[in-house]
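Novice: The listed protein sequences derive, respectively, from chains A and B. One rule links them: number in the working numbering = place in the first sequence (from 1) + 969. One rule links them: number in the working numbering = place in the second sequence (from 1) + 78.
Misleading hints may appear alongside valid ones.
[Unchecked claim] What follows is a list of derived Cβ distance ranges for each label pair:
{"id": "1", "chain 1": "A", "residue 1": "Tyr1008", "chain 2": "B", "residue 2": "Glu122", "range": "40 to 50 Å"}
{"id": "2", "chain 1": "B", "residue 1": "Thr98", "chain 2": "A", "residue 2": "Ser983", "range": "29 to 39 Å"}
{"id": "3", "chain 1": "B", "residue 1": "Arg119", "chain 2": "A", "residue 2": "Gly1010", "range": "32 to 42 Å"}
[To be verified] Heads up, simulated PhoX-like pairs for lysine-lysine below, C-alpha to C-alpha not over 25 Å straight-line:
{"id": "4", "chain 1": "B", "residue 1": "Lys102", "chain 2": "B", "residue 2": "Lys146"}
{"id": "5", "chain 1": "A", "residue 1": "Lys1037", "chain 2": "B", "residue 2": "Lys146"}
{"id": "6", "chain 1": "A", "residue 1": "Lys1029", "chain 2": "B", "residue 2": "Lys146"}
{"id": "7", "chain 1": "A", "residue 1": "Lys1021", "chain 2": "A", "residue 2": "Lys1067"}
{"id": "8", "chain 1": "B", "residue 1": "Lys146", "chain 2": "B", "residue 2": "Lys156"}
{"id": "9", "chain 1": "A", "residue 1": "Lys1021", "chain 2": "A", "residue 2": "Lys1037"}
{"id": "10", "chain 1": "A", "residue 1": "Lys1067", "chain 2": "B", "residue 2": "Lys146"}
{"id": "11", "chain 1": "A", "residue 1": "Lys1067", "chain 2": "A", "residue 2": "Lys1025"}
{"id": "12", "chain 1": "A", "residue 1": "Lys1067", "chain 2": "A", "residue 2": "Lys1037"}
To be clear, the hints were calculated from the coordinates, so they are not data collected in a lab. In this text the structure is predicted, and so the values were computed from the model without any measurement. Just so it is clear, CB atoms sit at the ideal spot from N, CA and C, and this is done for glycine as well.
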Amino acid sequence: GDSVTQMEGPVTLSEEAFLTINCTYTATGYPSLFWYVQYPGEGLQLLLKATKADDKGSNKGFEATYRKETTSFHLEKGSVQVSDSAVYFCALRVGDYKLSFGAGTTVTVRA
Amino acid sequence: DAGVIQSPRHEVTEMGQEVTLRCKPISGHNSLFWYRQTMMRGLELLIYFNNNVPIDDSGMPEDRFSAKMPNASFSTLKIQPSEPRDSAVYFCASSPYRGRDTDTQYFGPGTRLTVL
Chain A
970 GDSVTQMEGP VTLSEEAFLT INCTYTATGY PSLFWYVQYP GEGLQLLLKA TKADDKGSNK
1030 GFEATYRKET TSFHLEKGSV QVSDSAVYFC ALRVGDYKLS FGAGTTVTVR A
Chain B
79 DAGVIQSPRH EVTEMGQEVT LRCKPISGHN SLFWYRQTMM RGLELLIYFN NNVPIDDSGM
139 PEDRFSAKMP NASFSTLKIQ PSEPRDSAVY FCASSPYRGR DTDTQYFGPG TRLTVL
């Protein structure tokens, strides 16, 4: 079935370092792709999304490009801050409503 | 908008007791989802409502779990009787039916359930 595989964590970085979290997907159609972020003790929040091939989603300095040829949607940020410490989930929309989430990647940014 | 509201935020109960989790979706959203999050299984969709009608309950683990949506602004997830393996964080999420964000789910803060 349709699913996503994302890089396992945890990931620990220093402030101002470059962050990349890999995400690849398997899907029969052309799904919408998402990155959600979960800060400690909170629910998931949409970080960015892309709905078709070559679309780039961006928000809060994070970017991800929908690559159909490599079935990937890697998340990147050029200079992370302590406040970016969170769990990041890659997801794809299956059919009309269902989201299939990856396992989540825990990111810790040290000052 | 206030966002999705869930109550209680934390619930500790003993095995065999009934547990009721509550959710108020964002006003104007017509889709509502209940998820369960555990370390072992990640995020699992339990049930999906559209216009207050349950559309997909294939994720409900067993008959001990039930969910209702009596109106557009309220939903409950009930576990009776509860078991220790039900311990998890339960999230409610909602989606709008018009606009450019119909594919986006807005999550509540979750209810952390501990069954002793």
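Novice: Taking the hints in turn, state whether each one holds.
Specialist: Hints and how they fare:
{"no.": "1", "hint": "A:Tyr1008 - B:Glu122: 40 to 50 Å", "verdict": "violated, 21 Å"}
{"no.": "2", "hint": "B:Thr98 - A:Ser983: 29 to 39 Å", "verdict": "violated, 45 Å"}
{"no.": "3", "hint": "B:Arg119 - A:Gly1010: 32 to 42 Å", "verdict": "violated, 20 Å"}
{"no.": "4", "hint": "B:Lys102 - B:Lys146", "verdict": "holds, 12 Å"}
{"no.": "5", "hint": "A:Lys1037 - B:Lys146", "verdict": "violated, 39 Å"}
{"no.": "6", "hint": "A:Lys1029 - B:Lys146", "verdict": "violated, 37 Å"}
{"no.": "7", "hint": "A:Lys1021 - A:Lys1067", "verdict": "holds, 17 Å"}
{"no.": "8", "hint": "B:Lys146 - B:Lys156", "verdict": "holds, 9 Å"}
{"no.": "9", "hint": "A:Lys1021 - A:Lys1037", "verdict": "holds, 8 Å"}
{"no.": "10", "hint": "A:Lys1067 - B:Lys146", "verdict": "holds, 19 Å"}
{"no.": "11", "hint": "A:Lys1067 - A:Lys1025", "verdict": "holds, 22 Å"}
{"no.": "12", "hint": "A:Lys1067 - A:Lys1037", "verdict": "holds, 20 Å"}
Checked against the numbered hints above, the structure breaks hints 1, 2, 3, 5 and 6 and satisfies the rest.
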